[in-house]
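Participant: Here the protein sequences line up with chains A and B, keeping their order. Heads up, the first sequence is in this note's numbering, so the first residue is 461 and it goes up one at a time. Heads up, the second sequence is in this note's numbering, so the first residue is 461 and it goes up one at a time.
One should not assume that every hint holds.
In silico DSSO-like cross-links for lysine-lysine, where the CA-CA straight-line distance does not exceed 30 Å [to be verified]:
(1) B:Lys522 / A:Lys522
(2) B:Lys724 / A:Lys724
(3) B:Lys522 / B:Lys724
(4) A:Lys664 / A:Lys522
One side of the interface only, derived from the structure: several residues of chain A facing chain B at Cβ under 10 Å [to be verified]:
(5) Glu527
(6) Gln582
(7) Pro639
(8) Leu668
(9) Glu705
(10) Leu713
(11) Pro719
(12) Leu727
FYI, nobody ran anything at the bench for these hints, they're computed from the structure. We treat Cβ as the ideally placed atom computed from N, Cα and C, and that holds for glycine.
There are 2 protein chains.
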Amino acid sequence: MSSSGTAPAYRRLTVDQRRTQLIGAALGLFAHNPPEDVSLDDVAATAGVSRPLVYRYFPGGKQQLYEAALRSAADELEDCFAEAQTGPLTRRLARALDRYLAFVDEHDAGFMALLQGGSVVQTSRTHAIVDEVRRTAADQILFHLGFQPEGPEGDADEQGGEGEHSKRAAGKEGQRAGPRLRMTVSTWITVVEAASLIWLDEDKQPPLGELRDWLLDHFVALLMASATRDAETAGIVRRALDLEERDGPVGELARRMLPVVTDKGHLL
Amino acid sequence: MSSSGTAPAYRRLTVDQRRTQLIGAALGLFAHNPPEDVSLDDVAATAGVSRPLVYRYFPGGKQQLYEAALRSAADELEDCFAEAQTGPLTRRLARALDRYLAFVDEHDAGFMALLQGGSVVQTSRTHAIVDEVRRTAADQILFHLGFQPEGPEGDADEQGGEGEHSKRAAGKEGQRAGPRLRMTVSTWITVVEAASLIWLDEDKQPPLGELRDWLLDHFVALLMASATRDAETAGIVRRALDLEERDGPVGELARRMLPVVTDKGHLL
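Produce the entire structure from the sequences given, and follow the hints as far as they go.
Facilitator: Here's what the structure looks like:
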């Protein structure tokens, strides 16, 4: 990462650079090892610094370093869902999923330890960070469905001066999604998490592209099912379908569905 | 619970009865209060016994009592999914869901504390119990889809002498479900959990019957979506659809779907 290849970087980093370097080292270790197997000595060795230096930056020790690394990972994860509001919804979602799943692939053991719970470093603060990532993902999806995001973070952003220019503040005449639609979106985010954990547990099978397509199918299926019981969701779905392409995920799903329901006319 | 209404039950209970009574008192308290707010004094007072007596039965104190209460709740929860193998699959699942959701309704705070994590009494053992409930639920659903259950518990039951009479051992020619189908079922169980937590968080709205129907819709939608990519799932779905009734959940879902997709012929 340093611009000079040979000289030791020990003394030349600013406070912020050093902090970033230590968090990066911790994140790499926490990504691939259960938290209980990572020591401050490991972090110091990975960063090429002394243990006291790590403590100077993180007096709270491993717990503080874990939370800082988690905060950094959460920021990265939240960025996965930022996507331009153009084109078919499923194309946008496919790109967001590709980024999310690449993150899961890269931080495998850490992702698993975090979401499966029972780890020594988990506290109400770490749970709050994970919940914030989920809420941000839900906000982003609802935003692409034409709604103003939920949650205090969105309001804070608006008050913080970003105003109508904020990516999170815009929405269709300021309206908020109803409970059915919010529950559908939150549920799908849970599906993505659960499928990611199962994928890691099954030695990263099937290939990521297949997993992404399967999750997209499930998004469409869950949204369609909710649309049959909720007028608001039905309106959103009908508008979204107008943007979908014949050769896109929805068209392909619909055509693949036909042979499954052949001869099942007794249900209609 | 006692057969005599007035006389104190203190001295007349057997060891097993006393143990059951204490677990029942603990379960009632843990159901409606976060674990950190429940003390052994509360349990003793609720059971009408002394604190030392509670310690005599549970020398490990609150942690041991919590795990015993959780074990008891897990047994009850696993029973929710036991269902006769007759009639349309969605009717069987509806009955299992009714029982599961009644459990969630009854143990609201305890259910939330357990699944949301971050509680002081959670350990790898409590996580293992929760995972076992999930695995049992998945086994039961796969069993209704015609498959032999996964997991070591199923094998242990068979070796334990129940053999081919065991509810969990039977299966279509002993075959096991493929990874896609297992992932679909596990994913849906996560959907049920997530929706239950959201339902509790939203002050138990919508009414339980609506939540059950919505979860059934999602089961059908997830299974149909998976069927379009997996021959095994497609075969299962086609056989299951033969048993479904026109006025059942699948028929109703299909008919409610029609207006949503009207005029979307560009996708076919």
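Participant: Compare the structure with each hint and give your call.
Facilitator: Evaluation of the provided hints:
1. B:Lys522 / A:Lys522: OK: Lys522 (chain B) and Lys522 (chain A) at ~28 Å, within 30 Å.
2. B:Lys724 / A:Lys724: Holds. Lys724 (chain B) to Lys724 (chain A) sits at ~22 Å (cutoff 30 Å).
3. B:Lys522 / B:Lys724: violated (59 Å)
4. A:Lys664 / A:Lys522: Judged against 30 Å, a Cα distance of about 29 Å means the pair holds.
5. Glu527: violated (13 Å)
6. Gln582: holds (7 Å)
7. Pro639: This interface hint holds because 6 Å falls under the 10 Å limit.
8. Leu668: Constraint on Leu668 (chain A) not satisfied, violated at 14 Å.
9. Glu705: holds (8 Å)
10. Leu713: holds (6 Å)
11. Pro719: OK, holds: Pro719 (chain A) within 10 Å of chain B, min 8 Å.
12. Leu727: This hint holds: Leu727 (chain A) lies near chain B, its Cβ roughly 4 Å from the closest one there, short of 10 Å.
Checked against the numbered hints given earlier, this structure breaks hints 3, 5, 8; the rest are met.
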